[in-house]
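A.B. asks: For the protein sequence lines, the chains are A and B, in the order given.
Note that the working numbering gives residue 244 to position 244 of the first sequence, counting from 1, and the numbers run on in steps of one.
Note that the working numbering gives residue 81 to position 81 of the second sequence, counting from 1, and the numbers run on in steps of one.
Just so you know, the hints here were simulated from the structure itself, not pulled from any lab data.
All C-beta atoms, glycine included, are put in the ideal place defined by N, C-alpha and C.
Please note that the accuracy of each hint is not assured.
Some chain B residues judged to face chain A by a derived CB distance under 8 Å, without partners named [what the hints assert, rightly or not]:
hint: 1; residue: ALA42
hint: 2; residue: ALA46
hint: 3; residue: GLN57
hint: 4; residue: ASN70
hint: 5; residue: ARG77
hint: 6; residue: ALA82
hint: 7; residue: ALA117
Here are a few chain A residues that sit away from chain B, every Cβ distance over 10 Å (derived from the structure) [said to hold, decoys possible]:
hint: 8; residue: GLU51
hint: 9; residue: ASP178
hint: 10; residue: GLU223
hint: 11; residue: ALA246
Covered stretches of chain A (chain B as the covering partner; in silico rule of three or more C-beta atoms under 8 Å from a C-beta of chain B) [to be verified]:
hint: 12; region: 83-92
hint: 13; region: 148-155
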Amino acid sequence: MNVCILSGKGGTGKTTVSVNLAVLLKTDYIDCDVEEPNGFLFLGPEHVTKENVPVDYPVFDKTKCTLCGNCASACEFHALANTKKSILLFPELCHGCHACELVCAPEAIGYRQRMVGVVEHGEAKGVRCARGVLNIGENMAVPVIRRLLGSLAPAKHRILDCAPGTSCNVTTTLKHADAAVVITEPTVFGLHDMSLAVELLQKRNIPFGVVINKSGGTDRLIEHYCLAHSIPLFGRIPFSRTAAQAYSRGELIGELPEMKSAFEQIARNMKEAFAWN
Amino acid sequence: MKIGISSTTGNEKALVDPRFGRCEAFAIIDTETSAIQFLDNAAKTAAGGAGIAAAQQLLDAGVEAVCTGNLGPNAFRVLNEAGIKAYRVNEMPLMDAAKLLKDGKLDEISQAGRAHAGMGGRGANR
Numbered sequence: 001m002n003v004c005i006l007s008g009k010g011g012t013g014k015t016t017v018s019v020n021l022a023v024l025l026k027t028d029y030i031d032c033d034v035e036e037p038n039g040f041l042f043l044g045p046e047h048v049t050k051e052n053v054p055v056d057y058p059v060f061d062k063t064k065c066t067l068c069g070n071c072a073s074a075c076e077f078h079a080l081a082n083t084k085k086s087i088l089l090f091p092e093l094c095h096g097c098h099a100c101e102l103v104c105a106p107e108a109i110g111y112r113q114r115m116v117g118v119v120e121h122g123e124a125k126g127v128r129c130a131r132g133v134l135n136i137g138e139n140m141a142v143p144v145i146r147r148l149l150g151s152l153a154p155a156k157h158r159i160l161d162c163a164p165g166t167s168c169n170v171t172t173t174l175k176h177a178d179a180a181v182v183i184t185e186p187t188v189f190g191l192h193d194m195s196l197a198v199e200l201l202q203k204r205n206i207p208f209g210v211v212i213n214k215s216g217g218t219d220r221l222i223e224h225y226c227l228a229h230s231i232p233l234f235g236r237i238p239f240s241r242t243a244a245q246a247y248s249r250g251e252l253i254g255e256l257p258e259m260k261s262a263f264e265q266i267a268r269n270m271k272e273a274f275a276w277n
Numbered sequence: 001m002k003i004g005i006s007s008t009t010g011n012e013k014a015l016v017d018p019r020f021g022r023c024e025a026f027a028i029i030d031t032e033t034s035a036i037q038f039l040d041n042a043a044k045t046a047a048g049g050a051g052i053a054a055a056q057q058l059l060d061a062g063v064e065a066v067c068t069g070n071l072g073p074n075a076f077r078v079l080n081e082a083g084i085k086a087y088r089v090n091e092m093p094l095m096d097a098a099k100l101l102k103d104g105k106l107d108e109i110s111q112a113g114r115a116h117a118g119m120g121g122r123g124a125n126r
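Start from the sequences and build out the full structure, keeping to the hints where you can.
C.D. replies: Pasting the structure below:
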């Protein structure tokens, strides 16, 4: 079973919950937030293997190109421009979809590859872990996420640590989801962005529950919402300075004595809700 | 000379829009006859590459010069490679900008400005 961890709002604790649950439940941990992958900071895997992620880009045979501009018109991502003197390519916008090749009557287009990111695999604290890392300056995360999710070793259970928001980066990861957990914080902002994630999960018919992180006096905001929408609340992680300090040192907060029961309860409720064996 | 000006709306009451890729419309003005036409900027809501698509529209419309407030690096590259010069103008009525250009009173935009300047502080790709 693949359990996706998402949140809507950034910074609510997706990675904190993901790495701690993976270690507690002895599942594989997959960091799919390739724009800012930080799960490895807490797991510290060793013997990490690395593989580059390529994306195709078009090259033009100037002896065949008639400068008709059909390629530039066909490009959904505006990665090509026809200046009537040459065809300009903006590689960082090219998704490597080959639409330009389909509309090029004189067959003047070939392809080369450029590397946009890296997929890494390792092992730490008894769990296998993997992540994608988008290269600096690149803005297309999806090819890296696809390559990451296509490279996974067979596993009974995995925790998939998603990107924030509800963008392509999240929906690409959700294609591999059997279930999901939404991590939120008891703030109006947390609730608002969580409701977007909830809408996405409902549209995809993915079973899910909610965890309140930084739980304190205002949990009712989230509790009311969950009750009104019949969403199970898997648990809460108390707001704690000790936990924040441990986190800042790159430690697993689930191992703190005052946090242990909170994570155990979340794991129990999650396993029960998703009929996880 | 046929010129393209980034415009706040698609009618003659418009002002010059300081944004290029994300402007509402382009005014295509013939500086000899003062004839004016408007092109809706199909790139204004593009997810990415708006400057490139906007510059392509102006090239396809056959303009020989461009007036706008700011050109990002990609739009600048397209116009530059096509040999089309761009000139910097402030917000003002379109025909005033056309007259300033005709009288040679505008400065050429000789290098690209900041990317995503016309996106109100939001970056791309979110």
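A.B. asks: With reference to the structure, classify each hint as holding or not holding.
C.D. replies: Comparing the hints with the structure gives:
For B:ALA42, the interface hint is violated, since its Cβ never comes within 8 Å of a Cβ in chain A; the closest pair sits about 10 Å apart. Hint on B:ALA46 holds. Least Cβ distance to chain A is approximately 6 Å, under the 8 Å limit. Against a cut-off of 8 Å between C-beta atoms, the interface hint on B:GLN57 is violated, since the closest Cβ of chain A lies about 10 Å away. A least Cβ separation of about 18 Å between B:ASN70 and chain A goes past the 8 Å threshold, and the interface hint is therefore violated.
A distance limit of 8 Å between C-beta atoms decides the matter here; for B:ARG77 the minimum to chain A is near 7 Å, and the interface restraint holds. Proximity of B:ALA82 to chain A holds as hinted, the smallest CB-CB distance being about 4 Å (cut-off 8 Å). The beta carbon of B:ALA117 comes no nearer than 17 Å to any beta carbon in chain A, farther than 8 Å, and the hint placing it at the interface is violated. With a minimum CB-CB distance of about 24 Å to chain B, A:GLU51 clears the 10 Å threshold, and the non-interface call stands.
Remark: the non-interface label on A:ASP178 is consistent with the geometry, its nearest Cβ contact in chain B lying 28 Å away (cut-off 10 Å). Distance check for A:GLU223 against chain B: the nearest CB is about 30 Å away, which clears 10 Å, and the non-interface claim stands. Every Cβ of chain B is farther than 10 Å from the Cβ of A:ALA246; the closest lies at roughly 31 Å, confirming the non-interface assignment. Given a C-beta distance limit of less than 8 Å, the hint that chain B covers the region 83-92 of chain A holds, as 6 residues qualify and 3 suffice.
By the rule of at least three residues with a Cβ nearer than 8 Å to a Cβ of chain B, the coverage given for the region 148-155 of chain A is violated, with 0 such residues.
Hint check: violations occur at hints 1, 3, 4, 7 and 13; the rest are consistent with the structure.
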